[in-house]
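One line per chain: the protein sequences are A and B, in this order. When the count follows the numbering used here, it moves up by one through the first sequence with no breaks and lands on 248 for the last residue. When the count follows the numbering used here, it moves up by one through the second sequence with no breaks and lands on 575 for the last residue.
Among the clues, some could well be false.
Claimed, not checked - Computed beta-carbon distance windows for the label pairs:
{"no.": "1", "chain 1": "A", "residue 1": "Asn187", "chain 2": "B", "residue 2": "His427", "range": "23 to 33 Å"}
{"no.": "2", "chain 1": "B", "residue 1": "Asn281", "chain 2": "A", "residue 2": "Glu55", "range": "50 to 60 Å"}
{"no.": "3", "chain 1": "A", "residue 1": "Thr89", "chain 2": "B", "residue 2": "Gly291", "range": "15 to 25 Å"}
{"no.": "4", "chain 1": "A", "residue 1": "Lys222", "chain 2": "B", "residue 2": "Pro497", "range": "47 to 57 Å"}
What the hints assert, rightly or not - Mimicking BS3-like on lysine-lysine, the simulated pairs with C-alpha atoms at most 25 Å apart in a straight line are:
{"no.": "5", "chain 1": "B", "residue 1": "Lys264", "chain 2": "A", "residue 2": "Lys149"}
{"no.": "6", "chain 1": "B", "residue 1": "Lys393", "chain 2": "A", "residue 2": "Lys203"}
{"no.": "7", "chain 1": "B", "residue 1": "Lys264", "chain 2": "B", "residue 2": "Lys507"}
{"no.": "8", "chain 1": "A", "residue 1": "Lys246", "chain 2": "B", "residue 2": "Lys512"}
{"no.": "9", "chain 1": "B", "residue 1": "Lys422", "chain 2": "B", "residue 2": "Lys478"}
{"no.": "10", "chain 1": "A", "residue 1": "Lys159", "chain 2": "B", "residue 2": "Lys393"}
{"no.": "11", "chain 1": "B", "residue 1": "Lys297", "chain 2": "A", "residue 2": "Lys192"}
{"no.": "12", "chain 1": "A", "residue 1": "Lys149", "chain 2": "A", "residue 2": "Lys31"}
{"no.": "13", "chain 1": "A", "residue 1": "Lys233", "chain 2": "B", "residue 2": "Lys478"}
Simulated from the structure, these hints should not be mistaken for laboratory data. Ideal Cβ placement from N, Cα and C applies to all residues, glycine included.
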Amino acid sequence: MKIIVLVKETFDTEAKILLESPNNISQKDVKYIINPYDEFAIEEALRIVEKFGGEVILCSVGREDSQITIRSGLALGADRAKLIVSGATDSITVSKFLAQSISQEGFDLILAGWVAIDDNNAQVPARLSELLQIPLVNVVIEIEISEDKIICRRDSDDKIEIVETGLPAIIAVQRGINEPRYPTVKNILQAKKKKIEFLYMEKIKEKVNINISYDVIQSKRKGLLIDGSSPQKAVTILVEKLKEAKVL
Amino acid sequence: MGRLLVFVEHKDGCLKKISRQILGYFSNTGGENDFEITAIIVGDSIEKKIINETASWGADEIILVEDKGLINYNPLILVQAITEIIRGKNPQLVLFGNTALGKDLAPRLAQVFSRQMVSDVIDINLEKEIINFIRPIYGGKAFEKIEISSNNLTFVTVRPNSLESFVNCYQTPKVHKHHTQINDNLPYLLKEVIKKAAEEKSLTEAEIIVSGGKGMQKAENFKLLEELAKVLGGAVGASRSVVDAGWMPYSVQVGQTGKTVKPKIYIACGISGAMQHLAGMSTSQVIVAINKDPDAPIFKVADYGIVGDLLQIVPLLTEELRNMYRE
Ligand SMILES: Cc1cc2nc3c(=O)[nH]c(=O)nc-3n(C[C@H](O)[C@H](O)[C@H](O)COP(=O)(O)OP(=O)(O)OC[C@H]3O[C@@H](n4cnc5c(N)ncnc54)[C@H](O)[C@@H]3O)c2cc1C
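Take the sequences, apply the hints, and build the full model.
See below:
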């Protein structure tokens, strides 16, 4: 089975967000990681290939330097990677680039994280399913593959939905699907020799008039600290305050 | 005249809160800017009650997509039906709640039309020429402000409990039916639906959330939070450490890799306030923290904090509120 895993490099979850200008988030001194949801997708791909045989190919749109992060994905056990180098970050362009490169490569299954923790867009898997005209099962917490079908458990707010689809398909995974492995020393060494294919794409100028700017949060919270050494008194004060704030 | 298309979600004969919020918000702000609201209601048999409620929240027009084949959610059928409706109505905005359904349908539709989608917005400002959106990014550590010209078709999902609430404003909408041809041989088949346990329900829609962290010390102590949540009519959430320890199910995890919530009151008990936890709750209206460590980072984002032992404080708080509601 040939599995493509979509991988996005994101800021580390601990990263402090600073602005260079209202239209630019600073990348200075930022540590990068693989989007945590994509790690679940890599792990799931590795498990499927361990069972059925095949190949796991990571596919990413990012910076030239994203190769360092991508290599940490190869160290988990993926076979090779394709890195589409482009300044594009909007979901429409990213999905288009991915669709082009993936359809050239060919595949049986595409796995991805359902959302990226940086832009919070959650659009690429769905856009790709439309572009490639293959079914998408979204926010999946369990995959069971048999010869001719895939059964997915999908998290849908207050319900779990069990969905059947076939190959080829794209499955966007949610935390809970597995516990990603850590890279072994052997795999880290091997990863250095694995192939990353670079594809260079021009950033397409957007047709739509859209203006994006950013704001970093300053806490506007009241920050009132109540001493709890006399618990009953503290609780009475708290309830008073909540009534004043008109939330009770 | 512009047009807003709102996908209405309903359950047990009532509109979901997020659908009331979207309709109420736009029926009160849309009119001034010459926008009409078309609501889409989908179901296998749509009760009159749901149509009336949609009307009472200010829809100018209601389109019913009613078919036995729609008893279960299938994104392929809904994408087809909504695509047909969009082609007929030429709206500027197509709005969904940022719910399981909205998150799944909106990006598919956005790609059918090769248009922009603005995900998980917490504020929308509609003007004649321009629409402004605000949405949290980087786990709520920053906000993205997006300005789009109002004559482009744009898809939007709205975070529950975000839009300013408005009163009903009853309209007498035109009600139409839209028929879509359902193909029986779709490559996506819903086999079964399993309801989650009641206590796991709708964390994202809850108005009050009582959340516990590692400081709860053991699974049994979550009973204290359940009692508090019951008095408040709220839901119980948890930090990842608690989920990892197996004290609570993953479905109630709040944070970067769990649920994002925006209740009126978020009460964090024995939660240290790690960045990844804050990512899921920092846009709550009022944050209360109970923690024995006065230097816990959670106090930096809290409106009200009690420094003390939660095992003493939580039961007293439950009792105090119970007395208050009894009066
Ligand atoms: C990629 C990634 C993703 C993550 N995603 C999430 C996520 O989605 N959600 C999440 O929550 N975390 C997430 N985390 C984990 C996060 O970093 C923290 O480890 C976690 O939130 C800590 O949980 P906690 O506050 O319950 O536990 P702790 O940090 O151990 O805090 C326990 C607190 O309880 C207090 N306490 C102890 N006893 C008492 C008492 N008797 N009375 C009052 N207070 C008491 C202590 O003072 C302390 O502040 C993620 C981490 C990573 C790396």
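Each hint tested on the structure:
1. A:Asn187 / B:His427: 23 to 33 Å: violated (55 Å)
2. B:Asn281 / A:Glu55: 50 to 60 Å: holds (54 Å)
3. A:Thr89 / B:Gly291: 15 to 25 Å: This hint is violated: roughly 38 Å between Cβ atoms.
4. A:Lys222 / B:Pro497: 47 to 57 Å: For Pro497 of chain B against Lys222 of chain A, whose Cβ atoms are near 33 Å apart, the range 47 to 57 Å is violated.
5. B:Lys264 / A:Lys149: violated (34 Å)
6. B:Lys393 / A:Lys203: Satisfied, since the Cα-Cα distance of roughly 22 Å is no more than 25 Å.
7. B:Lys264 / B:Lys507: holds (18 Å)
8. A:Lys246 / B:Lys512: OK: Lys246 of chain A and Lys512 of chain B at ~10 Å, within 25 Å.
9. B:Lys422 / B:Lys478: violated (41 Å)
10. A:Lys159 / B:Lys393: violated (33 Å)
11. B:Lys297 / A:Lys192: Not OK: Lys297 of chain B and Lys192 of chain A at ~63 Å, beyond 25 Å, violated.
12. A:Lys149 / A:Lys31: This hinted pair is violated, its Cα atoms lying about 40 Å apart.
13. A:Lys233 / B:Lys478: holds (22 Å)
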